[in-house]
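2 protein chains.
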Amino acid sequence: MKRIGRAAASVAIIATGAATAASAGPGGMLGFAPASAEAERALEARFDAGLSADAMRERLRLMSAEPNQVGSPHDKANAEYTLAQFRAWGWDAHIEVFSVLYPTPKAEALELVGAHPFSARLTEPPIPGDDSSARQAGGLAAYVAYGGDGDVTAPLIYMNYGMPADYDALRRLGLDVKGKIVIARYGAGWRGLKPKLAQEHGAVGCIIYSDPADDGYGAGDAYPKGAFRPEQGVQRGSVQDIPVESGDPLTPGYGAVEGAPRIPLTQAKTILKIPTLPISWGDAQHFLAALDGPVAPKGWRGALPLTYHVGGAGASAHILVQSNWDQKPLYDVIAVMKGAREPDQWVVRGNHRDGWVFGAQDPLSGQISLMEEAKSIGALARTGWRPARTLVYASWDGEEPGLLGSTEWAETHAKDLQSKAVVYINTDGNNRGLISAETSYSLRRLLDETTGAVTDPETSVSVRDRALAAIQVRALAADATPDLKARARIARDGGDLPAGDLGSGSDYTPFVQHLGIASINLGYAGEGQSGGVYHSAYDTFEHFSRFSDPGFAYSVTLAKTVGRLVLRAADADLAPFQFSDLAATVAGETDDLKKLVTSEREHALAVDRLLDRHAFALADDPTIRSGPPEREEVAPEIDFAPLDAALARLKAGAAAYDRAAAGQIAGDKAARADLILQGVEQSLTDPQGLPGRPWYRHLIYAPGLLTGYGAKTLPGIREAIEGRRWAEARAYIRRTASALDAVTAKLDAARATIMQ
Amino acid sequence: MKRIGRAAASVAIIATGAATAASAGPGGMLGFAPASAEAERALEARFDAGLSADAMRERLRLMSAEPNQVGSPHDKANAEYTLAQFRAWGWDAHIEVFSVLYPTPKAEALELVGAHPFSARLTEPPIPGDDSSARQAGGLAAYVAYGGDGDVTAPLIYMNYGMPADYDALRRLGLDVKGKIVIARYGAGWRGLKPKLAQEHGAVGCIIYSDPADDGYGAGDAYPKGAFRPEQGVQRGSVQDIPVESGDPLTPGYGAVEGAPRIPLTQAKTILKIPTLPISWGDAQHFLAALDGPVAPKGWRGALPLTYHVGGAGASAHILVQSNWDQKPLYDVIAVMKGAREPDQWVVRGNHRDGWVFGAQDPLSGQISLMEEAKSIGALARTGWRPARTLVYASWDGEEPGLLGSTEWAETHAKDLQSKAVVYINTDGNNRGLISAETSYSLRRLLDETTGAVTDPETSVSVRDRALAAIQVRALAADATPDLKARARIARDGGDLPAGDLGSGSDYTPFVQHLGIASINLGYAGEGQSGGVYHSAYDTFEHFSRFSDPGFAYSVTLAKTVGRLVLRAADADLAPFQFSDLAATVAGETDDLKKLVTSEREHALAVDRLLDRHAFALADDPTIRSGPPEREEVAPEIDFAPLDAALARLKAGAAAYDRAAAGQIAGDKAARADLILQGVEQSLTDPQGLPGRPWYRHLIYAPGLLTGYGAKTLPGIREAIEGRRWAEARAYIRRTASALDAVTAKLDAARATIMQ
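The listed protein sequences derive, respectively, from chains D and H. Counting with my numbering, you get residues 2 to 757 for the letters of the first sequence. Counting with my numbering, you get residues 2 to 757 for the letters of the second sequence.
When chains are identical, the list treats them as one kind, so a pair holds in a single copy or across two.
Subject to a maximum C-alpha distance of 25 Å in a straight line, what follows is the list of computed DSS-like cross-link-like pairs (lysine-lysine):
1. Lys486 with Lys595
2. Lys299 with Lys179
3. Lys339 with Lys670
4. Lys486 with Lys596
Think of the hints as simulated: they come from the structure by calculation, not from any bench.
Model the full assembly from the supplied sequences, consistent with the hints where possible.
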């Protein structure tokens, strides 16, 4: 599901200084004594030798041969194939079945009504040269999951990306969406926010289309000449309200196992109400060309050969969506290899298996690497090697509609996971390109070392060094953001690879956001061009092997990278956490929040002053009004002292722990420290969760309520400030400070243990 | 010729503090004693009463009835009509004739050759509802003036805007334009730079087209539904190398009067060599669709429904251009009203009369205001009033091909102008919207007071206050530039209206840049939509009166504004200069230059470091290389001390003069001070001129050699730094310091005179 953009573009700021508090020096290996590190490197070489690009290519061809959505015969066949493979490779594997609410389309229609009627095609015709695209039998009509049922005819209004800022602009134009059908383009935020905001503003239907400016010929030649979205290409997807909670909407917070209670459909919080359809630009241009009213504001205009108008009066559309609101089975394949030394310390690794149609890139290009890792680890095990900690490999089902397979499994096994899981490592498709990763801050050093040990197949330097080069080169651009420049300074100064923050959009969410398991999400991206067929019937073996990773070299590279993460996390003498990065990064984010309060205050005061002087009315063209903004509440002083104090304690505690851990601790002491450290990320969660979404418990990173996939750091505080809820901001400053103090206490305890 | 963009968007930084050194307090009038100011206000009310929107509408209808290019019968008829009107209004008027080289098209063709041949239409068909557009007989084929003759067939290559940065990007892609025909879109810089840079890089032909992203349906509905450039709309224009010098290419630096020597055509510095044609997007899309090679870089993509490729190999074009290289007559209409008190102090006011076709907006919408001013001033004179200083009104011919009429007249009368002209006031078309102005810094206060005295017809506040509101509102935008924010601070803090800097593109150039006459260029802009038909056959009375200024209210407002500028400059007891703005603004620009040196140095060092580490190669996609940049010479220390010292002296001298002048000086003292101050702007010029372009002598503002219309402040220093010519930068620091010292000396002398 997760759409990875330009590689390394999602990586965010981490503060410097961490490099000086390294737990392992250059050439060292975090958590390993020197002799263990040497053995581990030898093991990794043997692991690498077990990887085959050809095997992965053939696995992808097989698994992407037919439509793979939840409930499809081929998705089940792939589960059984995966199970059989895991077992053949020596793993203790089984299929765990859940039953979830998964709506599928029963009837849909979309028409322009009036003088020049037009019926949207809503289908993706086969593409010459792409045999897979002709095998859509057994697949579903293009749709979005968890939108509402409905049959309405209403005026059509263009809403740009359908994000909050667009509603502000519309209000200033003196227009609204009440009683209308919104047409919005993909981009600028989570798909599900578009119908959600539309219905909150009173719209009765929603159309989402792919504008060629963002996704199509504006980006590059359309498929099949090039890799990009063709005229009839449709982006399917979920519109479940994932920023509120993920998983089966009828079993919130607990596993959707047989016999578990289901809440009534009407009480489900994450199902939207208005009928919503995704369409191609080939369909959309007929609707957009029919709009009148004001010319769309400058930032609203796409690349279709027409003048974009906002509409709202002249043109009307008819939208019909009816779904089967049935329970469907999910098949999670779980494979376990028991740890020899610390069997109750789990290293969990997952990638989903279900796709919107064939899903060659999303998700199977990640799935084939996961399986190749399991194959090679199985071969190592046949030589007598055993991981020190227990490995749990998972092939998730039902990720696309709402992280269903991972969420239901994580909720079902919450207790075990919270007491045993050391780390969750996620992938979700792969491409040719640069490493792109988001991590818990305590895992930044592990990621840095691991990516430093994997060679990029195109440049023969480490994938880490290539990413560091790219960050610095991009930061030279005239339009580089302050964030990017800050990351480039870290890259220049030898800090850990500046990874991104965990938001949502893939299966790590229930682990890190809900349960507080330290997590890493990664993949290669930026050069393979699978984005052009994202969530369409053209995400096929043919497209992937032509445009995304033709030699499957990055499939091998991904397996090498994740294999190292898994093996090091499993075999380290002491669990491979480093905490100075955590302290420095949260300190940096706290500084950002202080600046945010100041800039919000200054902006509100400036708007006030200009409203008092009628400046917006004076600046406006009376014939094309853009209207005044609303007055904003001026931010009061916000006291960050509790957080600052907790950060100072954390900084000292983290530095002390990291120094102590650098003493190459092993044996009993390490095992006892592991028991303390295993749950340390959980100290960063709050049992009450975030405001309005208690399922999300992490106080340091969450998907933004109004951004969706995109992470908000220190979300309880940040979203309160953005929403001008000052008491809430102060409350979350205190909660976050307490969480940091809990981490510090654990670090002190772990340090005491290993210093004994 | 000058394309005025969004109003007030071109205004640049002036430093604050000037407000505190005001020569006249609130309600005061710069240069006037209180009693004189009262009389002047009464005069202005009478002047306003003489203005008629209806008269201007009918004048526009008459003057734009037929094509008006240089040498056309209707251009000459308009000259004779203008002369007769001036005389009827009581002015001492005559026509001054020059003979200039003005090439006109004899033959032109443009074809796509190869498998799918296409012949460009190169014509603008009549538009339904626009009767003028059907009266093109007597006009010229769409072309650009002063390009080369040629008949070549060569591979076609797309160059984006054809600006220097685009050539850098092309080089990094491993491509070049040698032996090829460049196709570039309009925008991002002066039209003439596109073929000039193409020929400098070895191209053999050049096509310039209007992309709908910048100019067409991407901006708004196309004509006739809306105001914007239709499918076959062509932007004509000059490609004379105006940043080197303007005027007749065969009489550089002297007037093109009868009997003056002409240099051979081959020695003319401002005529380009390669054949160049302007085309519509309707024609261009056939050429762009035929291109192959790399997909164009992101910033290169326009709004046509195709994937933009760079080309360079697969598609070829044939271009043919042959011109008549004849001498043509120019008819400048000059009208004089002698000053009663100081007849040898001239206030010069001009607008051109020639258009590319009908020229309703450009230039006649400014011309009708100029004539309405002359009419109303004539009526005042019939009541016995006389201006204190002499008024010189000019209706220029031949502006479009290269500021020919104004330049030849200014060169012919250089000696008189330099000893008598106090100010030159220019307009060049007008629109509904906000005041947009560029001024000599010593005229900022005059502009501020004058615009504060004119009421905006849409909002009923002064046009000044409306512009100040707009600047502050725009500065609230998230993407506001530091420049815009600085201007907003000036607006907020009560500084003089932050006007822009004088570059080129209209008739003020020979006056301010070549002769050193203090100048103002102004117009209303930003709401009228004449830009969509700029320099096309659709710039008609019909289009103007429907989209640009339907009620002609801004024609009246322009006449009120310029009339006040003219009358105040003519009648002030002491010439209305204020110099604190000059000192503060140049100080601000000097600070900018220091920052430029630092940022250039940091950039060069960063590029060096990344090249040393092969970072660009590592960051590149090996299948779509964008290539490394070239190493840049690292800027050494540049000593700005001479300039800083001169600025300190100027600041003190200006403050002292402004304080002294605020004492409401009149009579003999004022007349003697006027004699000193009349030439003060000339002290800012250097007889050697700017590097490589001695015709341009002003050391404070010039059109950029590589931007064209756009101004470069402190150009001798700035362009040397940008070009990494450090010795030249140091030399121009010294020259500029000397110029400022010369100003300070004159201010001291003037102050001494009025303090006697």
